[in-house]
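**Student:** The listed protein sequences derive, respectively, from chains A and B.
Following my numbering, the numbering of the first sequence begins with 1 at its first residue and continues without gaps.
Following my numbering, the numbering of the second sequence begins with 1001 at its first residue and continues without gaps.
Do not take every clue at face value.
If you want a taste of the chain A side facing chain B, the calculated C-beta under 7 Å gives, among others [unchecked claim]:
hint, residue
1, G49
2, F161
3, K189
4, P402
5, G432
6, E455
None of these hints come from the bench; they were simulated from the model.
A virtual CB, placed ideally from N, CA and C, is assigned to each residue, including glycine.
Single-letter residue listing:
Number of protein chains: 2
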Amino acid sequence: MSAQDDAGVLLSSKRSLKPIFEPQAIAVIGASRRKEAVGYAILANLVSGGFKGKIHPVNPKADTIEGLECCHAINDLPEGIDLGVVIVPSTAVPETLELCGQKGVQSAIVISAGFREIGGEGTRLEREAAETAKKYRMPVLGPNCLGLINTDPAISINASFSRTMPRPGNIAFVSQSGALCAAILDYAKGEDIGFSKFVSLGNKADINELCILRYLKDDPKTDVILMYLEDLVDGARFIHLAREITGDLVKPKPILAIKAGRTLQGAKAASSHTGSLMGSDEVYDAIFAQAGVLRVDSVEEIFDLATAFAYQAIPRSKRVAIVTNAGGPGIMATDACVRYGLEMAEISSATQEALRKVLPPTANFSNPVDVIGDAQHDRYEHALTCVLGDSNVDGVIVILTPQAMTDIEEIAHAIVRMNQKTKKTILTSFMGFVDVSPGIKILEEHHVPHYKFPEEAARALGAMIRYKQWIIRPRTEVRSFPIDSVGVRSIIQQAKEKNQRLLTTHQAMEILKAYGFPLLPYEFASFAPQAGAKAEKIGFPVAIKIVSPDIVHKLDVGGVRLNLKSAAEVERAFKEMTSAVLKFQPAAKIDGVLVQAMGMKGREVILGMNRDPHFGPILMFGLGGTYVEVFKDVTFRLAPIRELGARRMIESIRAYAILKGIRGEEPADLEKIIECLQRLSQLASNEPDVSEVDINPLVVYRKKEGAQVVDARIVLKI
Amino acid sequence: MSAQDDAGVLLSSKRSLKPIFEPQAIAVIGASRRKEAVGYAILANLVSGGFKGKIHPVNPKADTIEGLECCHAINDLPEGIDLGVVIVPSTAVPETLELCGQKGVQSAIVISAGFREIGGEGTRLEREAAETAKKYRMPVLGPNCLGLINTDPAISINASFSRTMPRPGNIAFVSQSGALCAAILDYAKGEDIGFSKFVSLGNKADINELCILRYLKDDPKTDVILMYLEDLVDGARFIHLAREITGDLVKPKPILAIKAGRTLQGAKAASSHTGSLMGSDEVYDAIFAQAGVLRVDSVEEIFDLATAFAYQAIPRSKRVAIVTNAGGPGIMATDACVRYGLEMAEISSATQEALRKVLPPTANFSNPVDVIGDAQHDRYEHALTCVLGDSNVDGVIVILTPQAMTDIEEIAHAIVRMNQKTKKTILTSFMGFVDVSPGIKILEEHHVPHYKFPEEAARALGAMIRYKQWIIRPRTEVRSFPIDSVGVRSIIQQAKEKNQRLLTTHQAMEILKAYGFPLLPYEFASFAPQAGAKAEKIGFPVAIKIVSPDIVHKLDVGGVRLNLKSAAEVERAFKEMTSAVLKFQPAAKIDGVLVQAMGMKGREVILGMNRDPHFGPILMFGLGGTYVEVFKDVTFRLAPIRELGARRMIESIRAYAILKGIRGEEPADLEKIIECLQRLSQLASNEPDVSEVDINPLVVYRKKEGAQVVDARIVLKI
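The shape of chain A in the complex, shown without the other chains (with noise of 0.2 Å):
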């Protein structure tokens, strides 16, 4: 809850995070002569960085290092600093944010180690660190992290201690691991992605991943935005605030993110490394499916993804065509297209008609397009112009491998050209190394993407059409059904007075009754004659259930009894059931049975609602049966969701061909699976006493013919 409230107070505060990545005033505490110093490494690289404002080194013994005049103490300083950098040992920092805040920093960037991340003593210095940012509203990055780079010309900070300085682009990162920037920034060099912002998170004792997204936000300088993550503060911030980013009407920004940790073995590490909490990875799938964020595997992915996103428009649709001058390729990048979600486009006849003028009869026409081995920069071009006019295609991805006549830098020019003259998506893969590495300089640095394989050329056209469905999606709220609220509070009133964790399928049922729920027909009976006569009521065959406090499993113990036609059969199965359960658990103390209606045959699921520790109220939805879990086929969302939420969980289950019809058979009643989910949402989020449902089975009938509830299970959080 700590993250949380943090979290809170920060975002609510809204403290600008403008004097951090916009200083004019640069204070360098801990600032070092010796050159294998890291508080000289800051200072060298704010220097040779081209910083536009001040900068003043604090030092208690050098007049001056590198040219700058020292101060000999914070105090010493004059008024007006934006940003200190903190470069003292980690017992002398949380005074030097005290005498920070004293004199009227405004942020500052704790770049020391030995915090959190080596417990004990460390801990307490951090928390005191971040209870002095807090006292003076001074946003602190860090502790132990590598600093933060702005690029904009107009600032140009290197307030890091990289060896490295980006060229400027539209692309932030943002890190969770310090040595990874490190790598990152060599690996950019290499590649020549310019970066707009470089933030190395620390430990996050103050500012933390939602602070960033928050001024990113609004970074005009930003388009995309990467992360790597080890953890979230909150989950439901994150997913709300990286929903405006990504979802932006008028000028959305696709979030790229890794969370480190995936497997079980990953997030053990993980912990060992920061000391922060982990939770399970289909949590974070569920929120980052939910915030519109993309997730992906490597290092090396999230930046072919960028490059995409940075350099191209997005394409309309999911219809790609390939042109290349070999066939083996060709087919290589057509296999990748369908797995990563693409469509080959169908070239148009007349399109066709258009290639055969200008390519050789032995050229394959049709996609993937081959304008074969002896092609040169005028046949890629003809054959782009083609095919890019064809309102079949939406995006292109250029193949070359480097053969006997292929004059490799002609065709890179050629596609350059056709990229600045199109709309549409255009991915490159030359493949190769050396030779082709010339033509590979000239797309880069005309931004046309480029792909050392046509697969992952693929594959970041694939996320491409991913983020699109995402941004044109069709907007929805969270519904919020009139609901029974008193019934319900007096049910779990009455529970807790007598400290019952576990609820009875009879309060179970008349809770989910209260919110709406579609149920199967029940009625409560305390003794034999009873239950004969609400059964006649309730009309034959009718199920009878146990109803007690201290059963868990009703049918381990004998306490269902299925398919009863008469009133007399239900009362001998009445008295057969008490005395069965009792003799399994003689304590148990017995309300009596629940009568309810045998059901309709029909397709059953499972809704589920669970609390993490960490993120809240968790939904899960699943098919029933033993094959599901050995398939783990089940999907998650953090609560509330929206009515699109709901409609993408059951979408996303493999099993939804099931729900779907399959063999001619018809559709389930989807929309009323979609109705209870948000109903659960809505659940999870009243009820807070509340920890755990499990709605299993709710049987759905077929389309418009509804669902019912068959069997519910509640446990109250005491």
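Take the given structure of chain A and dock chain B to it, following the hints.
**Tutor:** Quick look at chain B alone, frame taken from chain A:
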């Protein structure tokens, strides 16, 4: 069939490929003085490639080319030409090969295009060329290929028009795409990868992948074989030959293959369950699995894996350790290791103690071992010494991120030293691009495989483990069960005489009985009272099923009745059924009914067989029920299978967990399923007239309690 025959001739005759791979004298037929001509490029490549033998250009007009004396006609060539490289127009190729044959030229490479790939006349020319090759028992590579390279210093032949001669190495590359060869050579040049042989197969008119594999099998210079394939000429022979190579007990050579055209759907024999689930890609998966070939998706992956296999020992077990100077990449690598089937080694407490002595206290001593951001080469070397000395560790991934203190080149040298001392597998990832590149160069020069990202190292190590499991697998044989072949022949003969394609349920069950399958007890009855009497004999309850050669789907026409409890019920059901069936299908010939015992409850599986027009009999295995169809959770193998193959089929479906028993359930009788799969394999191999078999379901009981065929469907090839 013709492709199979070709391969057969070639394999059985065992024509040596020595003249083509290791020639002493070469004729370049169609050599040219024009520098832009392929006929010039080939000659120039032979010369500049340092060919050790004699080169004879053949050109009707020129007297010398590049200082070499020309022959004006093939007939003018000296005796003893091992290899003719042919670059004449396609129309002249058949005659050229004829002249070569007459002259006693031992082998040929046809570079020229314009054959089968353009259809029509080209196809005819190709057939003619192939026939000439056969007539003179002269192995011919191509046509329509890039040529061939052998880097063996004793030969040093670049008989290709590639721009590049690769450096010698222990990797052979065989490609069905010439253009891909060009890209690969350029890529390998950049990554400094060496090759033993480089073969562009072209149209495979004569020499195909089988001939090449047979040569590479015994090539002492080749340790790893890479293949790019678009099809296989013969699945069964490929399996047989590749198993010999990949599974050799003395010197196994891994084969890595890209099969392009994954997503293209093969021709479907859609009537059977097995046929409808079987795409061409599933068949290739089956072939590669049976051949011990590692299938990979991309060129990048194939080289990532190849360098690991080429330079490092295969690890003894899947227990891997990670040594890193950065936490984040360590977590990502851990994730990847688990994803690729590795196991994070438990660092022993002795090793942890040793690590404590050489690493700073803030380091991480368990796996991943974190030597911390300021680590220099001494710390890496100490940590690696400890970790490699731990008997729990069989492979190590070393990660480096370029931080302020990192002495990259010294660390690379330290790793090289460790690599020379240990027999354990070491893979590395120096993350970044520019700063790390001198270090990467050192690693590559000393054959320590390097990967741009740790995930790729994990993927390569995972592939080594998969291959390890293949080479240490228990070797089993194809079992032959005693069968009643006379009975089977008579049923098939009778059906063929009546032109009956679909066997009746009765006939199908009789065939399975003859093959020794365990069947649910049944009796045939042709009239109602007989059915009643047979039911008495079997014991109630029983099921009856219509027996008719004209009914394709018994259930759909009311041809199945279950759970009949007396003779009277059986007789009534008989009459109702026959009239119901006739109402649906008035012209149906009804033989009678099968009276069958009602089976016990068990787990239902499906066994199937289908004949692929190209690859012959293919076996299928999956679990019964709707879910399996939705999840496509089935597996295929080419018949015949060995006992281990049958076991692997069962283990490879995702629903295997259900057969093993979930939630405390006892395991199913897996041995009986394995036996049934082998019986089906024998049936598929023995009975060429049977084109499809569906055993659906085979009900499997608990361990040692057997299984019973409940229903089956057999279709004949007519």
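**Student:** It remains to establish, for every hint, whether it holds in the given structure.
**Tutor:** Against the structure, the hints:
1. The interface hint given for A/G49 is broken, as the beta carbon of that residue sits about 15 Å from the closest beta carbon of chain B, more than 7 Å.
2. For A/F161, the shortest C-beta to C-beta distance to chain B is roughly 5 Å, which falls under 7 Å, so the interface hint holds.
3. Of the supplied interface hints, the one on A/K189 holds, with its beta-carbon coming within about 5 Å of a beta-carbon of chain B, less than 7 Å.
4. The beta carbon of A/P402 comes within 5 Å of a beta carbon in chain B, closer than 7 Å, and the hint placing it at the interface holds.
5. Given the 7 Å rule on beta carbons, the hint for A/G432 holds: about 3 Å separates it from the nearest Cβ of chain B.
6. With a cut of 7 Å, the hint placing A/E455 at the interface with chain B holds, because the nearest CB-to-CB distance is about 5 Å.
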